[in-house]
Amino acid sequence: MDRRSLLKAMAGAGALAAGPSFPAPALAQGAAKTLRFVPQANLANFDPIWGTQYVVRNAAALVWDTLYGVDAQLRPQRQMVESETVSSDGLTWTFTLRPGLKFHDGEPVRARDAVASLVRWSARDPMGLMIRAIQAELSAVDDRSFRWVLTKPYPKMLLALAKNNAPCSFVMPERIAQTDPFKQITEYVGSGPMRFARDEWVPGARAVFTRFADYVPRQEPASWLAGGKQIAFDRVEWIIMPDPASASAALQNGEVDWWENPIADLVPLLKKNRNIQVDIADPLGNVGSFRMNTLHPPFNNQLVRRAVLMAMNQEDYMRAIVGDDDALWKPLPGYFTPGTPLYNEEGGEVVKPGGDLAAARKLLAESGYKGEPVTCVVAQDQPITKAQGDVTADLLKKLGMNVDFVATDWGTVGARRASKAPPKDGGWSMFHTWHAGADCLSPVGYTAIRANGDKAWFGWPDSPPVEAAITGWFEAATPEDEKAAMRRLNKAALDYVVYVPTGFFLTYQAWRTSLSGVTKGPLPFFWGVSKSA
Amino acid sequence: MLAYAGRRVLATIPVMAVVALFVFSLLYIAPGDPAAIIAGDQATPDDVARIRATLGLDRPFLVRFGEWAWQILQGDLGTSIFTALPVTALIRQRIEPTLSLMVVTLVLSIAVAVPLGVAAAWKAGSLIDRLVMTLAVFGFSVPVFVISYLLAYVFALELEWLPVQGYTPLSAGFWPWLQNLILPAVALGSVYIALIARIARATMLEVLAQDYIKTATAKGLGRRAILFVHALKNASVPIVTVIGLGIALLIGGAVVTESVFVIPGLGRLTVDAILRRDYPVIQGVVLLFSFCYVLVNLGIDLVYVLLDPRIRY
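So the protein sequences, as listed, match chains S and P.
Residue numbering for the first sequence follows numbering that gives the first Met the number 0, beginning at 0 and increasing consecutively.
Residue numbering for the second sequence follows numbering that gives the first Met the number 0, beginning at 0 and increasing consecutively.
Calculated directly from the structure, the hints in this document are not laboratory data.
It is possible that some hints are incorrect.
[To be verified] Rough simulated footprint, nothing fancy, chain P against chain S, three-plus residues with beta-carbon under 8 Å:
| # | stretch |
| --- | --- |
| 1 | 144-157 |
| 2 | 332-345 |
[Unchecked claim] Here are a few chain P residues that sit away from chain S, every Cβ distance over 10 Å (derived from the structure):
| # | residue |
| --- | --- |
| 3 | A2 |
| 4 | T11 |
| 5 | V261 |
Please read all numbers here as calculations on a predicted model, not as lab measurements.
Note that beta-carbon positions come from the ideal geometry of N, C-alpha and C, so glycine has one too.
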């Protein structure tokens, strides 16, 4: 019996057991002004530009504000910016900051802070890099205004500044923002609704945020990263709990208020507790994936990649990840987030429900596959990648491929996948991961969809049709043009098999019913949440 | 005695040097790359390469080792790659919870295990003996995490007597400090109690069979005097040894216990650092643990001399 099974069994028994309970002083709740939150992962560093992990971005959204923010309809809205103008030729953008904005050290937010922050952000962000490539000038006009002059129009400017993909364009004081983007900042001074209590930070255990009294929220209602970020708490405490069973017990006991990502095994138990509310965390969900290395045999052969794509049964992958809960997954014959404006299934007929093993075997035979080993590196310490890796190993064997299954940890996968060496010399053939649905709305920040060879994400796909479709989307002037480009992109990416989408899946979040105002979104939004005593 | 202690302390220096070289070499050849973890899953290969360069991970082994050794000699354990905090600060943050857990576990274990072992030996073959040995087998056989969950379920979730998780510093008061440690200490102590009780029983049985005990009994000496003055003192050398060696078990067990009960101790710091390949932290903590082992062994050797004057080096 493993830990998870044991806890499940014990916790299940606990839920059914009836009997008196005696509140103990040890379990006394904190004041209603403190929110105790269990995040998805450890906040191991706190520079949202240097390290782009989701957990860092989520914490950063409390501390640093952005010039614009996407709302729940995925539209960019003004946030720190009061107004903007763009010249008729689309080349000169002028932004004016809202008056009265202050950093946590009491200094006013000035245009030159925004400029320095944009310089640092744009060195690390895919959209930022695109803007840098066409940048003629980025400078402060006065304390409240700055100007960004381009050599060609960039219609997605506001989306670039508003998007929630990491790295977001957080605004820091100029002296901090001047840090090399590849070096970590050591001062955490923002102008967001909460301060980071650095002296209380115990990496791996706890991170504390305290209310910033001088924060000036916008007057509109909050909506995701946009609108008035009203915080009802004096303190937000992030408690890092590596053990899901302990997090579940702490939530049931009232020692914590909100758990960002309860594991699927424990959700039925939490749903039975009338003091706990369970709901989908993020309607944009996640896209499961495995990536093939196009530099070396056998996946340098497009027909082999297509054979694997055809053979794959997404239901196998999704059940391995979310279990029997059908509300948590759906098939995904493409690369973009279902239910969002640019989603399409162009070319998706190749991804058949149940897979088509017979056709895939035939195609594999035609491809000239000579039994080269497929080195499949799988991070066993990540439940989602492990589950997918197990399914893939079985799939490849059924397909008649020679599988070299390398079970290891994420730290090793992360290093090994960066190697371009042949698999027998320490390289790899395939690895598994998943992409946040929020990153798969469009080509913005969607690193895995790029197919620009050496500059592409690990696996280094090289497909001019894919790249042409991406360029077409960035240059699209109308929604219709955007949609047409996205259809071309989905088809081209499936034809080439940039990666194999294993399905779309959702996860839950859970919180005590004493909390209200918890919303669904791509990150936990603390504004609008309150707690009864 | 002082000269002996001095020689033993000096002997620790080469041991620590070998440990340092070993740890550094192991990390150098181990797979994994902190830069890839820092960069995040969506980073490009170029991002990873740039981060590697800024961290100095692309420099030769000897250069890195030399710099690190020089730092250590100056009393600087370096800076965490991930948190940008000094390793000494991270250890300072984490040492109190781990020390607290170890002290409470040790006190609890010795207080329970030694009397149980002595009683089992004194009443060898009786129901008490069988009961103690059954408990010892249970303590050995059931993994710490199973006991941890059982305790959390009964005493935290069902009875609500104690908290599920967390740590309160001693500065916040004795009871708040202790109440967070009771469940983890019992869980962690289960193995330790079993180990000490078995050794205490076996050693006491051996001592009780000695002629001088028979002589003492024949002289009409009372049970207490025989047990606690003559037998236990002479049986204490192996018991002290196992208590000392058991600290190794405590450190290993603390990793699991700290994770289950969400105690921000050195065990969790080590595991997190290993998973992230935070080399300076791993090196710092391993050096600290090694130093502790050496100190514990030194302490045991010194206690031997105090307990048994016949032991001379």
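- Message: Quick check: do three or more residues in the stretch 144-157 of chain S have a beta carbon closer than 8 Å to a beta carbon of chain P?
- Response: violated (count 0)
- Query: Is the nearest CB of chain S more than 10 Å from the CB of V261(P)?
  - Reply: violated (5 Å)
- Would you check whether the claim that A2(P) is not at the interface survives, using Cβ distances to chain S and the 10 Å cut-off? Given a closest Cβ separation of 43 Å, the condition holds.
- Item | Within 8 Å of chain P (C-beta), three or more residues of the stretch 332-345 of chain S | Coverage by chain P is violated for the stretch 332-345 of chain S (0 residues, Cβ < 8 Å).
- Item | Non-interface claim for T11(P), where every Cβ of chain S lies beyond 10 Å | Non-interface label stands for T11(P): nearest chain S Cβ at 29 Å, farther than 10 Å.
The structure does not agree with the numbered hints 1, 2 and 5 stated previously, though it agrees with the rest.
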